[in-house]
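Visitor: Which chain is which? The protein sequence lines are B and P, in order. Start counting the first sequence at 1; every next residue gets the next number (the working numbering). Start counting the second sequence at 304; every next residue gets the next number (the working numbering).
Hint data in this document are derived by calculation from the structure and do not stem from the laboratory. There may be inaccurate statements among the hints.
[Stated by the list, open to error] Some chain P residues near chain B, calculated using beta-carbon distances under 8 angstroms: (1) Met466; (2) Thr471; (3) Tyr477; (4) Val514; (5) Thr564.
From the three backbone atoms N, C-alpha and C, an ideal C-beta is built for every residue, glycine too.
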Amino acid sequence: MIGELLTGAIRSGTSVLYASAGELIAERAGVINLGTEGAMVAGALGGFAVTVWTGNPWLGALGGGICGALLSSVHALLVVWRGANQLASGLTVMFFGLGLTAFFGRSFVSASVEGFNPVAIPGLSNLPWIGPILFRHDPLTYLSYILVPAVWFVLSRTRLGIVLRATGEREEVVFSQGFSPRLIRTFAVITGGFLAGVGGVQLSVAFTHAWVEGMTAGRGIVAAALVIFAAWKPFRCMAGAYLFGCAQSLQLVLQSRGADVSPFLLFMLPYVLTLAVLFLVERRRQSRIPEELGRVFSGPGGG
Amino acid sequence: MSNLQKSDPPLITRTAVAPRALPIFRHAGSGLRRLCRMAAVTVTPLVLFALFLLLVGVRPFEIYVAMLRSSFGDAYGFGEVIVKSTPILLTALATALPARAGLINVGGEGQLAIGALFTAAGAVYWISEWPGWAGIPVLAVVGAFGGAMWAAIAAALKQYGGMNETITTLLMNYVALYTVGYFVHGALKDPASFNWPFSPSISDSLRLPVVAGTRIHIGIPIALFFATMAWWLLSRTRFGFHLRAVGGNPVAAELAGLPVTRLQIGVLIAAGALAGLAGMIEITGIEGRLRPTTGATYGYLGFLAAWMARNDPLRCVGTAFLIGAITVAGNALEISSGLPASSMHILLSIVLLAILASGRRERA
Chain B
1 MIGELLTGAI
11 RSGTSVLYAS
21 AGELIAERAG
31 VINLGTEGAM
41 VAGALGGFAV
51 TVWTGNPWLG
61 ALGGGICGAL
71 LSSVHALLVV
81 WRGANQLASG
91 LTVMFFGLGL
101 TAFFGRSFVS
111 ASVEGFNPVA
121 IPGLSNLPWI
131 GPILFRHDPL
141 TYLSYILVPA
151 VWFVLSRTRL
161 GIVLRATGER
171 EEVVFSQGFS
181 PRLIRTFAVI
191 TGGFLAGVGG
201 VQLSVAFTHA
211 WVEGMTAGRG
221 IVAAALVIFA
231 AWKPFRCMAG
241 AYLFGCAQSL
251 QLVLQSRGAD
261 VSPFLLFMLP
271 YVLTLAVLFL
281 VERRRQSRIP
291 EELGRVFSGP
301 GGG
Chain P
304 MSNLQKSDPP
314 LITRTAVAPR
324 ALPIFRHAGS
334 GLRRLCRMAA
344 VTVTPLVLFA
354 LFLLLVGVRP
364 FEIYVAMLRS
374 SFGDAYGFGE
384 VIVKSTPILL
394 TALATALPAR
404 AGLINVGGEG
414 QLAIGALFTA
424 AGAVYWISEW
434 PGWAGIPVLA
444 VVGAFGGAMW
454 AAIAAALKQY
464 GGMNETITTL
474 LMNYVALYTV
484 GYFVHGALKD
494 PASFNWPFSP
504 SISDSLRLPV
514 VAGTRIHIGI
524 PIALFFATMA
534 WWLLSRTRFG
544 FHLRAVGGNP
554 VAAELAGLPV
564 TRLQIGVLIA
574 AGALAGLAGM
584 IEITGIEGRL
594 RPTTGATYGY
604 LGFLAAWMAR
614 NDPLRCVGTA
624 FLIGAITVAG
634 NALEISSGLP
644 ASSMHILLSI
654 VLLAILASGR
664 RERA
């Protein structure tokens, strides 16, 4: 039962993991992007459509990522170049993404794809206990195992990462070093959108193998919340995403065992859990928020 | 508050290094320039949406004409616009009031749903036999209480956990959706519904009085009353001044001795009450029973209306009406020309994107 639960946690947590890794990059550069929800749903549809057309899920992943990046570039344009309120702009981009996908997704509602399927990694998947949990997943999940350390490495060990983080802390320092904070932020937001798009692809092409209108159901918002929970650290994002996935898979596990719990209580569990862990973490300490981002949260309605 | 130290020293360097226009100059353009800008913000989204329609193979001009005709062409369409605008106006106020105090409430959706849930539960199980003159006001209080309670959760999370209300109210929307689902599939389900998920219908005496022959009900003057109240409160009272001070510069407001947290929490709960009232009006004025989808999207549309109105309560009346008209037109188009209602959400988001791109909002 525990093994089943954890396998499910990774399966349904991966899409959130991609999105929150992307959101983390943007927030480290000082931009909160609630449009992650829109980027995810755009990626879910875009990736699904490309997979239907080409039959190749890898092209689908790329296409979905590009859709997410395109949608996020709207947010980057408004926030970085036009000085719009970050939270309001993100929400509008989210509505935009939901509207666009509802419109273009109609013809894909009944389509089905082969997509990504679980591949057992030879050797590793036969390890006792952790083998089935960690190493019998779809390729995008394996990629996400590498993605998180990669994000950590780039952010904390490379020049690019330092400049990006500095943009999130003190933009005038970056400016005085001859970089453009605006370009860096734009880059960070679009990269984050790409990753959120790939997360959407994981949802539609690898997890459910179907497109449903609004199928992300707030996962992008959860991803943004998890970044705060993770105190802007990649590995904690991973833990948060799997925690969310765990709550989701609990619903499937309990239902498959015919437990007498209302499905609606189980549906709301991941959201309540996200709120609860965020509450506990925020209460325990003042988390280390990037300074420019802190201005968004505490300033007059953001901006 | 931790932002006391945070924004202290770098302010001077910031204006020197990062070239952001000072607010004084931003709106100092001549009247003509402002007019041009307003025209650009209005026309650009329409043109962009027209391009989008061309791209998907529909003739934009015909669509725009059909939209106008379905919303304003006859008394029925116009009545529908009014009916749709009412909850949108209330949820818009539920966004605009906190926004003036520097809070972004995206929870109108959930607050409305819980207000509707409380109203339906009250009307079915508690005061089902009451006459209208007593029952309707009680239901209004019950619905507003439900919404206020839902917003109070977000307010408490902000107060005791320092959690940003944008994220909590958004997440609470999903919780509210499933809470309503839980009750209409369970305790509130109509025993005579053959397993359809909805509540029993409320008694006729508890329905809002309507203008004969239309669906226009007394919820409309109530919503207009609250819009006027919100305007009066914000611009003519000391409380409103304090709210705007908190929204303008929370640090200065705190230094001036204003109870910043208390004001923000109060306004968030009041906003929840307004959205909850919208839920009550949907139940007693339109639907007559609770369904899983009662009031869906009104919260988000209200958010769009408020930001289009730059969070000014009186302008919200206009934008709520506009969004109501676009929604009605969208439903009509879905039937007549097969253009899905979601295309109207695209149009609305483009409008708001244009407004956001046109520069920072004005502040009173």
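Visitor: Give a verdict on every hint.
Guide: Each hint tested on the structure:
no.: 1; hint: Met466; in the structure: holds, 6 angstroms
no.: 2; hint: Thr471; in the structure: holds, 6 angstroms
no.: 3; hint: Tyr477; in the structure: holds, 5 angstroms
no.: 4; hint: Val514; in the structure: violated, 33 angstroms
no.: 5; hint: Thr564; in the structure: violated, 12 angstroms
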